[in-house]
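Dock chain A against the given chain Y, drawing on the hints supplied.
Line order of the protein sequences matches chains Y and A. Just so we're aligned, residue 1 is where the first sequence starts under our numbering, counting upward by one. Just so we're aligned, residue 1001 is where the second sequence starts under our numbering, counting upward by one.
A few of these clues could be false.
What the hints assert, rightly or not - No more than 27 angstroms apart at the CA atoms, straight line, and that leaves these computed lysine-lysine pairs for DSSO-like:
| id | chain 1 | residue 1 | chain 2 | residue 2 |
| --- | --- | --- | --- | --- |
| 1 | Y | LYS38 | A | LYS1049 |
| 2 | A | LYS1102 | Y | LYS53 |
| 3 | A | LYS1071 | Y | LYS36 |
Quick caveat, the hints were computed from the structure, so don't treat them as lab data.
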Amino acid sequence: DTEVTQTPKHLVMGMTNKKSLKCEQHMGHRAMYWYKQKAKKPPELMFVYSYEKLSINESVPSRFSPECPNSSLLNLHLHALQPEDSALYLCASSQGWGESYNEQFFGPGTRLTVL
Amino acid sequence: AQSVSQHNHHVILSEAASLELGCNYSYGGTVNLFWYVQYPGQHLQLLLKYFSGDPLVKGIKGFEAEFIKSKFSFNLRKPSVQWSDTAEYFCAVNLPTSGTYKYIFGTGTRLKVLA
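Next comes chain Y alone, as it looks inside the complex:
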């Protein structure tokens, strides 16, 4: 299995809602990533988990809360988001972390709309 899966594909939420995005991989990868991608822009790194520990938080607002329950799963909990948070949220994974040769595999993304 060489796939990274993400659910849901689309999510519409209000500014007072709490929702979660889910990402899963079964490639035995030890690093998982959350990216945010606005239209016509490159992906921007948000968080990195390596060996189930948070390794990087790119100064992301606390209304985004990542969680890594096990080595195959990565969640992104959302609370009190703003309309400008509307974007495509991408999950990725890589075999290892912190080496120059790590290749990242991307999921299809969750398209989030905040009303």
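Frame of chain Y, contents of chain A only:
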């Protein structure tokens, strides 16, 4: 600051035309380089990568790229494009940042191939 630039933001070609997309990075040390493609409504897929060895690398779907260290470049080429190559193309470089390595993406090139 380390950066990755793609100078062609929009490219329009007719089928069978040759393609070359530029990618330049600013870092003097050893780098690993990637080209990803994002077809409309689909996830980022790896086209090809360069870690070491032959600077001319071949990828999927007839794409190739040449690493020229002296020019800090990793340009993507295809001799004859097809309508199905219409997509957004991102160059990514795994660069050392704050004691680890992170993907830095270029701004992307939107390719439209006319049938």
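For each hint, the structure was consulted:
The suggested pairing of Y:LYS38 with A:LYS1049 holds, with an alpha-carbon distance near 25 angstroms, which does not exceed 27 angstroms. Annotation: proposed proximity of A:LYS1102 to Y:LYS53 holds, straight-line Cα distance about 16 angstroms (limit 27 angstroms). With a CA separation close to 30 angstroms, the supplied pair A:LYS1071 and Y:LYS36 exceeds the 27 angstroms bound.
In summary, the structure is inconsistent with hint 3 from the numbered list given earlier, while agreeing with all the others.
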